[in-house]
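Line order of the protein sequences matches chains A and B.
First residue of the first sequence: 4, per the numbering used here; consecutive thereafter.
First residue of the second sequence: 48, per the numbering used here; consecutive thereafter.
Hints are supplied without guarantee of correctness; some may be wrong.
Computed list of lysine-lysine pairs in DSS-like fashion (alpha-carbon distance at most 25 Å, straight line) [what the hints assert, rightly or not]: (1) 104/B - 126/B; (2) 60/A - 89/B; (3) 126/B - 12/A; (4) 89/B - 115/B.
Read the hints as simulated data drawn from the structure, not as lab findings.
Chain residues, written in single-letter form:
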Amino acid sequence: DSGVTQTPKHLITATGQRVTLRCSPRSGDLSVYWYQQSLDQGLQFLIQYYNGEERAKGNILERFSAQQFPDLHSELNLSSLELGDSALYFCASSVSGTATYEQYFGPGTRLTVT
Amino acid sequence: EDQVTQSPEALRLQEGESSSLNCSYTVSGLRGLFWYRQDPGKGPEFLFTLYSAGEEKEKERLKATLTKKESFLHITAPKPEDSATYLCAVTNFGNEKLTFGTGTRLTIIP
Chain A
4 DSGVTQTPKH LITATGQRVT LRCSPRSGDL SVYWYQQSLD QGLQFLIQYY NGEERAKGNI
64 LERFSAQQFP DLHSELNLSS LELGDSALYF CASSVSGTAT YEQYFGPGTR LTVT
Chain B
48 EDQVTQSPEA LRLQEGESSS LNCSYTVSGL RGLFWYRQDP GKGPEFLFTL YSAGEEKEKE
108 RLKATLTKKE SFLHITAPKP EDSATYLCAV TNFGNEKLTF GTGTRLTIIP
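If we strip away everything but chain B, and leave its shape as in the complex, we get (with noise of 0.2 Å):
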C-alpha cells in the first residue's frame, strides 16, 4: 500500500526565513507526486505535479523537487501569506486516487 510521511509536522519561520518541507513516499510505481496548499477550512489548492526524479518545478517563492525516495518543497523568503498547510500526495499506476500525507502546518511571522 502507497504511503507518503511529512515532516515536521509543524514549522514557525520569520517572514524571509527560507526553509524545506520534508515528504518522504513509499509507492508501488510512482505515476505522479504532488503538492497542494490548503488553508483552514478550504480545499486543497493544487501547487505542482512531479513524475520523475532529478525533475524541479517553481512557482514564485515555492521550488519542489524530487527524488526516487522524497520531495522537497522550499520556500524561499517567504510572507505571511504562505501559512497554510501544505500536503504531499502521491498516485500509482494502478489507478488515480491521491494517497495523502498529513501534511505540514506552516506559520510565518511578520
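Extracted from the complex, chain A is given alone in its bound form (with noise of 0.2 Å):
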C-alpha cells in the first residue's frame, strides 16, 4: 500500500458527460501528478500540484481541469468525455523540494465512456 488513495476504483459514463476523479496524497506529501495510462499510449503525465499551485502541465486537453484543496486532496475533472478518454487514470504523491522525490501512486480509477 502506497498510502495514496483514489476514488471510484471504477467509473461507467456516457460520451458527453463530466465525472470527478479524486485522490488523497500520503502523508507529508505537498505534490500531486495525475497521468493517464491508455493501452496505445503509455502512461502520460497530465498536471502537476503543488501546495495548491499549478507546478507543471503535459498533454492534458482543455476538456480536462484539476485543482489541489487547502487539506492538499486534488480532484481531477474530466467533461465533454469521448470514448477515447477511457482509461486508467493515476495519481501520484511526491514530498517535492527535497533529494528523495520518488513518485508514490495510487492504485488508479478506471474509467470507461460508452
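Two independent chains are provided; combine them into the complex using the hints.
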C-alpha cells in the first residue's frame, strides 16, 4: 500500500458527460501528479500541483482540469467525455523540493466511456 | 523532449533463469531514473531511483544499474511472483514530471 488513495475505483459513463476523480496524497506529501494510462499511449503525465498551486502541465486536454485543495487532496475533472478518454487515471504524490522525490502511485480509477 | 525506450517488450523466463531488462534514455539533463513494477490493473509500485552514471541499487532479486545512456534491471533467479510489467521513467532538471517507457512485460514460468 503506497498510502495514496483514489476514488472511485471504477467509473462508467456516457459520452458528453462530466466526471470527477479524487486523490488523497500520502501524509506529508505536498505534490500531486495526475497520469493517464491507455493501451496505445502508455503512462502520460497530465498535470502537477504543489501545495495548492499548479506547477507543471503536460499534454492535458482543455476539457480536463484539476485543482488541489487546502487539505492537499486533489480532484481531476473530465468533461465532454469522448470514447477515447477511456483509460486508467493514476494519481501520484511526492514530498517535492528535497533530494528524495520518488513519486508514489495510487491504485487508479478505471474510466469507461460508452 | 525526453524519450525512454525499453526492451524487450516481453520476456518469458523459466523460474531461476536470470536475465536483464534494458532502458535507453534521451534526456536534457538527467535528474533521476526510476524503475517501477506494475501488476495488471494496479498502480505502479516504486522500486529504485538512480541519479548518476555508475550507481547501482539492489532489492531482493533485483539490481538496477545506470550508465550515461541506459539503465539495466537485472533479475537474478526469478520466481513466479516476479511476473509483472517493469516500467522505466526519467525526470530532468526542468520539472518533476515522469516520462515513462512502454515497459517490459516479464513472465516467470514455474
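Check whether the Cα positions of residue 89/B and residue 115/B lie no farther apart than 25 Å. Outside the cut-off at roughly 31 Å; violated.
Given the hint that residue 126/B pairs with residue 12/A, test it: the Cα-Cα distance must not exceed 25 Å. violated, 29 Å
Below or equal to 25 Å on CA atoms is what counts here, so check residue 104/B against residue 126/B. Holds, at about 20 Å.
Within a Cα-Cα threshold of 25 Å, do residue 60/A and residue 89/B meet the stated pairing? Holds - the C-alpha atoms of residue 89/B and residue 60/A are around 24 Å apart, at most 25 Å.
In summary, the structure is inconsistent with hints 3 and 4 from the numbered list given earlier, while agreeing with the others.
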